[in-house]
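In this text, residue positions in the sequence shown follow the working numbering: the first is 4, and each later residue adds one.
Careful: at least some of the hints might be erroneous.
What the hints assert, rightly or not - Simulated DEER-style distance windows between Cβ atoms: (1) E31 - L79: 39 to 49 Å; (2) G70 - V23: 49 to 59 Å; (3) P26 - L56: 27 to 37 Å; (4) S88 - T40: 17 to 27 Å; (5) L87 - F41: 41 to 51 Å; (6) A60 - L25: 25 to 35 Å; (7) Q77 - M43: 28 to 38 Å; (8) T5 - I75: 46 to 56 Å; (9) T37 - V83: 30 to 40 Å; (10) T5 - G33: 24 to 34 Å.
Quick caveat, the hints were computed from the structure, so don't treat them as lab data.
Yeah, the Cβ is synthetic: ideal placement off N, Cα and C, and Gly gets one too.
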Amino acid sequence: MTKRRACLLASWAFFYELSVKLPKRLEELGVPKTIVTFVMPTGYSFNLDGSTLYSSAGILFIAQLYGIQMPIEQQLLVMVTLMLSTKGIAGVP
């Protein structure tokens, strides 16, 4: 098995576990379906902290590399902007 196929298989297994099996297991435990269908996508959407941190660290690194001073107000603006914009970044398996 090639490395690419192994990565694809692991990613698909993880995705299948989260998207198919977990909602069924939560419903078996007594969680109402309306809550499961609302909380799971919302939780995934707002759990992109890694993407936000990676992007903000990259921005600060590039700013320091070119000698650009970023006061705390600009850094906070970058943080808020990235918190909103990283919702469209796909999660890395």
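Taking the hints in turn, this is what the structure says about them:
{"no.": "1", "hint": "E31 - L79: 39 to 49 Å", "verdict": "holds (44 Å)"}
{"no.": "2", "hint": "G70 - V23: 49 to 59 Å", "verdict": "holds (51 Å)"}
{"no.": "3", "hint": "P26 - L56: 27 to 37 Å", "verdict": "holds (28 Å)"}
{"no.": "4", "hint": "S88 - T40: 17 to 27 Å", "verdict": "holds (26 Å)"}
{"no.": "5", "hint": "L87 - F41: 41 to 51 Å", "verdict": "violated (21 Å)"}
{"no.": "6", "hint": "A60 - L25: 25 to 35 Å", "verdict": "holds (31 Å)"}
{"no.": "7", "hint": "Q77 - M43: 28 to 38 Å", "verdict": "holds (35 Å)"}
{"no.": "8", "hint": "T5 - I75: 46 to 56 Å", "verdict": "holds (48 Å)"}
{"no.": "9", "hint": "T37 - V83: 30 to 40 Å", "verdict": "holds (31 Å)"}
{"no.": "10", "hint": "T5 - G33: 24 to 34 Å", "verdict": "violated (43 Å)"}
In this structure, the hints that do not hold are numbers 5 and 10, in rising order.
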